[in-house]
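A.B. asks: Letter by letter, the chains look like this.
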Amino acid sequence: SQQGEEDPQALSIQEGENATMNCSYKTSINNLQWYRQNSGRGLVHLILIRSNEREKHSGRLRVTLDTSKKSSSLLITASRAADTASYFCATASIQGAQKLVFGQGTRLTINP
Amino acid sequence: SQTIHQWPATLVQPVGSPLSLECTVEGTSNPNLYWYRQAAGRGLQLLFYSIGIDQISSEVPQNLSASRPQDRQFILSSKKLLLSDSGFYLCAWSRGGPSDTQYFGPGTRLTVL
Numbered sequence: 001s002q003q004g005e006e007d008p009q010a011l012s013i014q015e016g017e018n019a020t021m022n023c024s025y026k027t028s029i030n031n032l033q034w035y036r037q038n039s040g041r042g043l044v045h046l047i048l049i050r051s052n053e054r055e056k057h058s059g060r061l062r063v064t065l066d067t068s069k070k071s072s073s074l075l076i077t078a079s080r081a082a083d084t085a086s087y088f089c090a091t092a093s094i095q096g097a098q099k100l101v102f103g104q105g106t107r108l109t110i111n112p
Numbered sequence: 001s002q003t004i005h006q007w008p009a010t011l012v013q014p015v016g017s018p019l020s021l022e023c024t025v026e027g028t029s030n031p032n033l034y035w036y037r038q039a040a041g042r043g044l045q046l047l048f049y050s051i052g053i054d055q056i057s058s059e060v061p062q063n064l065s066a067s068r069p070q071d072r073q074f075i076l077s078s079k080k081l082l083l084s085d086s087g088f089y090l091c092a093w094s095r096g097g098p099s100d101t102q103y104f105g106p107g108t109r110l111t112v113l
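Here the protein sequences line up with chains A and B, keeping their order. Heads up: the first sequence is residues 1 to 112, going by the working numbering. Heads up: the second sequence is residues 1 to 113, going by the working numbering.
No lab work stands behind these hints, which were simulated from the structure alone. Honestly, I wouldn't trust all of these hints.
Derived pair list, reagent style SDA-like, types lysine to any residue, alpha-carbon separation capped at 25 angstroms [claimed, not checked]:
id : chain 1 : residue 1 : chain 2 : residue 2
1  : B       : 80        : B       : 30
2  : A       : 56        : B       : 95
3  : A       : 99        : B       : 73
4  : A       : 99        : B       : 113
5  : A       : 99        : B       : 18
6  : A       : 69        : A       : 57
7  : A       : 99        : B       : 78
8  : A       : 69        : A       : 45
9  : A       : 56        : A       : 69
10 : A       : 99        : A       : 53
11 : A       : 69        : A       : 16
12 : A       : 69        : B       : 79
13 : A       : 99        : B       : 80
14 : A       : 70        : A       : 15
15 : A       : 99        : B       : 101
16 : A       : 70        : B       : 100
17 : A       : 99        : B       : 75
18 : B       : 79        : B       : 37
19 : A       : 99        : B       : 41
20 : A       : 99        : B       : 72
Remember, predicted model here, so these are calculated numbers, not experimental data.
Turn these sequences into a full structure, and let the hints guide you.
C.D. replies: As structure tokens, then:
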């Protein structure tokens, strides 16, 4: 399957540090998206990066995409306690119905 | 601006009872609509998606069904709930196709006892 797999499954860091989460996938993609989910809530879209892009920024977020390695990373700089959440990558296949397929997520905890 | 609503927020139902979860979108027309289920601590599993009224695709064989009686209304149903139907149900919409950015509702926590 094309499912994205996040790594690590859980990450705990101190406030102010940078947090890096990785996502690997298996097949060619149209785009890759990162979402955030606070406990018990719906998902919030963070960034969409297309297959012909290598890096994208949004505020304290930086996403990279390496299609040759079929991997992406999400970097959160200068983390805050409010960044505590689960982060999911989702991939849209270049073939077929192009549905978003979500990974299992990385649980990020920012310690004050 | 666009908003998406889901209700109820939480639901506790006995095994074998029927289910109806509702999702509505405001502020846009002809949205693509999605139902996902999320098991505890896990990713999302796509259950149904719809590109228009009476155009619904089922992704996973199960005892759930979906309907879209109006352009911006998406309903998830079951005639008889199973224990395995417990989970967090999320509705989402997108402007474009399924590969476009999706906007999620607040979710419904379903517990089947």
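A.B. asks: A separate judgement is required for each hint: does it hold in the structure or not?
C.D. replies: For each hint, the structure was consulted:
As the CA atoms of residue 80 (chain B) and residue 30 (chain B) are separated by approximately 31 angstroms, the hinted pair breaks the 25 angstroms bound. Only pairs whose Cα atoms come within 25 angstroms are accepted, and residue 56 (chain A) paired with residue 95 (chain B) is accepted, the gap being roughly 22 angstroms. With a C-alpha separation of about 20 angstroms, the suggested pair residue 99 (chain A) and residue 73 (chain B) falls inside the 25 angstroms cut-off, and the hint holds. Between the alpha carbons of residue 99 (chain A) and residue 113 (chain B) the distance comes to roughly 32 angstroms, so the proposed pair goes past 25 angstroms and is violated.
About 29 angstroms separates the Cα atoms of residue 99 (chain A) and residue 18 (chain B), which puts this hinted pair outside 25 angstroms; it is violated. Under the criterion of a C-alpha separation no larger than 25 angstroms, the hint pairing residue 69 (chain A) with residue 57 (chain A) is consistent with the structure, at around 20 angstroms. Note on residue 99 (chain A) and residue 78 (chain B): the hinted pairing holds, with a Cα-Cα distance of about 24 angstroms set against a maximum of 25 angstroms. Using a Cα cut-off of 25 angstroms, the hinted pair residue 69 (chain A) and residue 45 (chain A) holds, with the two alpha carbons roughly 24 angstroms apart.
With a C-alpha separation of about 17 angstroms, the suggested pair residue 56 (chain A) and residue 69 (chain A) falls inside the 25 angstroms cut-off, and the hint holds. Annotation: proposed proximity of residue 99 (chain A) to residue 53 (chain A) holds, straight-line Cα distance about 20 angstroms (limit 25 angstroms). Annotation: proposed proximity of residue 69 (chain A) to residue 16 (chain A) is violated, straight-line Cα distance about 30 angstroms (limit 25 angstroms). A hinted pair counts as satisfied when its Cα atoms are at most 25 angstroms apart, and residue 69 (chain A) with residue 79 (chain B) does not qualify at roughly 45 angstroms.
For the hint linking residue 99 (chain A) to residue 80 (chain B), the alpha-carbon distance of about 28 angstroms lies beyond 25 angstroms, and the restraint is violated. Proposed proximity of residue 70 (chain A) and residue 15 (chain A) is contradicted: the alpha carbons are some 30 angstroms apart, above 25 angstroms. Between the alpha carbons of residue 99 (chain A) and residue 101 (chain B) the distance comes to roughly 11 angstroms, so the proposed pair stays at or under 25 angstroms and holds. Annotation: proposed proximity of residue 70 (chain A) to residue 100 (chain B) holds, straight-line Cα distance about 19 angstroms (limit 25 angstroms).
A C-alpha spacing of about 20 angstroms is found between residue 99 (chain A) and residue 75 (chain B), which places the hinted pair at or below 25 angstroms, so the restraint holds. For the given pair, residue 79 (chain B) sits about 17 angstroms from residue 37 (chain B) by alpha-carbon distance, which is consistent with the 25 angstroms threshold. As the CA atoms of residue 99 (chain A) and residue 41 (chain B) are separated by approximately 22 angstroms, the hinted pair is consistent with the 25 angstroms bound. As the CA atoms of residue 99 (chain A) and residue 72 (chain B) are separated by approximately 20 angstroms, the hinted pair is consistent with the 25 angstroms bound.
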